[in-house]
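*Asks:* Residues -22 to -1, 1 to 771 in mature numbering (1 follows the signal peptide of the UniProt record, and there is no 0) are what the sequence shown spells out, letter by letter.
Possibly wrong hints are sitting among the right ones.
Lysine-lysine pairs mimicking DSSO-like chemistry, simulated, CA-CA at most 30 Å apart [as the list claims (entries may be wrong)]: (1) K198 <-> K320; (2) K374 <-> K450; (3) K552 <-> K426; (4) K486 <-> K467; (5) K516 <-> K35; (6) K273 <-> K243; (7) K184 <-> K273; (8) K708 <-> K132; (9) K486 <-> K426; (10) K538 <-> K580; (11) K113 <-> K516; (12) K422 <-> K153; (13) K493 <-> K538; (14) K426 <-> K226; (15) K280 <-> K422; (16) K280 <-> K184; (17) K493 <-> K467; (18) K367 <-> K486.
Estimated spans, in silico, between C-beta atoms of each pair [unchecked claim]: (19) P700 <-> D385: 50 to 60 Å; (20) R232 <-> D528: 28 to 38 Å; (21) K516 <-> E416: 37 to 47 Å; (22) I672 <-> E338: 50 to 60 Å; (23) D635 <-> K568: 44 to 54 Å; (24) G469 <-> P700: 40 to 50 Å; (25) D372 <-> K486: 19 to 29 Å; (26) T545 <-> K642: 47 to 57 Å.
Since the hints were made in silico from the structure, they are not lab data. All of these numbers come straight from a predicted model, not from anything done at the bench. Every residue gets a Cβ at the ideal spot worked out from N, C-alpha and C, and that includes glycine.
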Amino acid sequence: MTFLNKGYAIAFFSFVCFFSFAQQAICADELATVKLPTLEVSAERIAPTTGTVIIDKEMIENLPSRNGSVNEIIGIAPGIQYGEDYLNSFTGGEVEPPGVSISGSRFYENNYTIDGLSNNNPVDPGNGDYVDSNKLPAHPQIHFLSKELIEEIKVYNSNIPAEFGGFIGGQVDVKTINPSSDFWGSVNYRTTRSSWTEFHISDEDKEDFYHSEDNDYQPKFTKHDGGLIINTPVGPDTSFITAYQQKKSFIPLRQLGQTETQTRKHESFFFKLGHDFSLTNRISATALYSPVEGKYFLNNFKNGDYTLNRDSYSFVINSENYMDSGLLTFAIGYNGQKSERKGGSDRFFWDTSTTSIDWESGFEGSLGPLKTGFDEINANADFEFKNLKFKQTDHKIKLGTEISYSDRYYNRPETYYYYFVDVVAPITCQPDDNACIENEQYLKYRTKYFKGESSSHLFNFATYIQDAIAWKRLEIFPGLRMSYDSIAKKGNLAPRFSAALDVFGNHKTTIYVGKNRYYSGTPHTYELYTSLYYEVEKRSSQNDPWVGTDNYTRQSSDLKTPYSDETSIGIIQKIFGGELKVQYIEKKNKDEITRSKDSDLKTYTLNNNGTSEHENWQVSWHRYWRNHSLELNCTWQETRSNHTDYESTLNDDDLTDTIWYEGKEIGIDEFIRADYNRPFVANLIYSGKLPHGITFTNISKYRGPYTWREYQGYSLPSSIDPTQMVRVYKRAQQKRALTFDWKFSWAVPTSSKQQAILSLDIYNVFNKKSKYGAGIDNYEIGRQFWAGLTYKF
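Given the sequences, and given the hints that come with them, work out the whole structure.
*Replies:* If you want it as structure tokens, here you go:
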């Protein structure tokens, strides 16, 4: 355990993090009996919640959160990391939520749920490439809920209960707003634009950025974020909520000498019905439809326009039945998504010297049509017994079962061609030859993507049992989860265990430990991509037939389910009117998905060669008093892995590869991961209700220097086998970054039951110029303003 060798540094670090704010806490008002709802960790039992952070509605409303997504909100929790390019200056017009890493996970390895129903995208969730001829871009989540629709978010970063499964990262559980017996509603609107934004662009990028012809550079944009929510009672026991939320961005760019505007649009149609049959029996039904549309074009391609659509659907019925023996909950639901690329045709790379090609680039065409999607039916039942006494122990037993069946598909409705390598000559073309211009030129190479479709079917079953046991000052939280799926055709047992001890019996000092195993969701993306068959063809002249030279395929294979073994230890101390928490987490991931190439480098096959290791120390302190809250958390972490993601190529013989790094020869399993891996991150969150209806929230975020491996351009003999030459790398790093994000809101009563709330969000308040990633001159976005108005009635 690398960090355990740095015990003195950790102790000093913890001391500084805590006492830097101790004096403020001592001088503050005494802790009130009523706490401001905010970021908190609480429950009847300590052991089941030692790795849980709860963000309630009031805090969600008060936080500055840019586009207002779940992933942006949870960034205040310890153990959360964003990708290096999350806040880059180049693409400020985008509205898609950023990826997040929880306790060292890759951004697609977490589990997301909304009202108990999966919000995960099972079809290639790690693919973010918007110009791939063979695939569609995706996101780990299918619904991007606006914060106006969220009641509570629970983030689990360790010691995750057995009721959750299908991940090796973290768990994010979202509860939506509930209908109530009163009529009420709200209208909300926020906006920002490029003229309200400061950009930090290097001198070498300024020309390309400010005269952009590429959606990778967005010097101008306008964003709108708004919606309507109405709660309607239809009787003493029944009410429903209807809501519509939209985020839309306009991004004007240069295209072939003219200005064309790309757009991004995210919508949410939300309906939730609640009915109380009695004081002990309640049912709710939630429907969510989330269409996403993006209009793009290929840079300087004639007829290069295309549209990406993702329509996501969910419907779930939840029931709660309080019985004499406990609480029975049941849920049945449907999830689905349809993704499609529309528009465009074959691509051509023409020579610009001939008469017919009268535009500067000579590029023509687009990416061709594609379709992917899935349909999934889920059902789960849980029963939580009332407290049971057995001799001197108290038990809270919970057990449950979940079943799901899903169909996933991939479809290329027509064969698509990509033509290249021009031959300029006075030629005669064959009839219907699209890659030939009479008396001018022809294209002699093409990549042929074959028309095809594939599908996969998956049955998942899981059952679990867990028990929160209390005996005197000791709490024990054992659990066991068993899962099975029809692709792996094998069962997986995931034991969960945590324990907490109230050291002095006064609830002020608690120490805890945890030992858990988590299994990921079923790896099935390659089941769909077996139809991604393509080949490179050539012809000797415009009159000769096309002849295949290379063909590329993908194959599925029998795989194990990736898993993560987690160890944690920590202490919770109530001090200075607040709560101090120090925690260590270690995770070791095995059997992660990578791929191998055959000897001719043309066939890819999945394997389980991936491994990762993660360690982190977390120190947090929070306090609430009257109308104020203060939270400080610091995370020191390191993640090592022998691969980047499930598209990484890792043959068996690659596992013994080494490099020289900082004078030491290391194996690939010791590589520090290149992204989502800042070694030190600290957050300071203050939120306070001030006089005259004003609320102010500050998020100060400090990120330590980003480090990466930099190739030195030469090799040295291996110390293990001197006949082998090994590449030499050195450690490189960017500077640290400190930013402040503020939100001001002013609630103005307009009548006894109505109010208007004006808001102003300021991001990177002091316009800090911070570098990111491995690039020498890549900068994060500067100061940005968002203005908003919400009217509640």
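*Asks:* Taking the hints in turn, state whether each one holds.
*Replies:* For each hint, the structure was consulted:
The straight-line distance between the Cα atoms of K198 and K320 is roughly 25 Å, inside the 30 Å bound, and the hint therefore holds. Among the hinted pairs, K374 with K450 is consistent with the structure: their alpha-carbon atoms are about 15 Å apart, no more than 30 Å. Of the pairs offered as hints, the one joining K552 and K426 is violated, with about 66 Å between alpha carbons and a cut-off of 30 Å exceeded. Pair hint K486 plus K467 does not hold up; C-alpha atoms about 48 Å apart against a cutoff of 30 Å.
At most 30 Å may separate the alpha-carbon atoms for a hinted pair to count; K516 and K35 exceed this at roughly 61 Å. For the hint pairing K273 with K243, the CA-to-CA distance comes to about 9 Å; that is within 30 Å, so the pair holds. Taking the CA atoms of K184 and K273, the gap is near 25 Å; set against the 30 Å cutoff, the hint holds. Pair hint K708 plus K132 does not hold up; C-alpha atoms about 40 Å apart against a cutoff of 30 Å.
With a CA separation close to 68 Å, the supplied pair K486 and K426 exceeds the 30 Å bound. Taken as a hint, the K538 and K580 pair is honoured in the structure, with Cα atoms around 24 Å apart against an allowance of 30 Å. Taking the CA atoms of K113 and K516, the gap is near 24 Å; set against the 30 Å cutoff, the hint holds. With a C-alpha separation of about 57 Å, the suggested pairing of K422 with K153 is violated against the 30 Å cut-off.
For the given pair, K493 sits about 22 Å from K538 by alpha-carbon distance, which is consistent with the 30 Å threshold. In summary, the hint linking K426 to K226 is not supported, as the alpha carbons are separated by about 36 Å, beyond the 30 Å threshold. The suggested pairing of K280 with K422 holds, with an alpha-carbon distance near 20 Å, which does not exceed 30 Å. Of the pairs offered as hints, the one joining K280 and K184 holds, with about 25 Å between alpha carbons and a cut-off of 30 Å not exceeded.
Using a Cα cut-off of 30 Å, the hinted pair K493 and K467 holds, with the two alpha carbons roughly 26 Å apart. For the given pair, K367 sits about 25 Å from K486 by alpha-carbon distance, which is consistent with the 30 Å threshold. Distance hint for P700 and D385: a CB-CB separation of about 55 Å, consistent with the stated range 50 to 60 Å. For R232 and D528, the hinted distance range of 28 to 38 Å is satisfied, since their beta carbons lie about 36 Å from each other.
Hint check: K516 to E416, Cβ distance near 21 Å, so the stated range 37 to 47 Å is violated. For I672 paired with E338, a C-beta distance near 54 Å keeps the hint of 50 to 60 Å intact. Separation of D635 from K568 is about 19 Å and departs from the stated range, judged on CB atoms against 44 to 54 Å. Distance hint check: the CB atoms of G469 and P700 are about 47 Å apart, consistent with the given range 40 to 50 Å.
A beta carbon spacing of about 21 Å between D372 and K486 agrees with the range 19 to 29 Å that was offered as a hint. Between T545 and K642 the C-beta distance comes to about 26 Å, which lies outside the given range of 47 to 57 Å.
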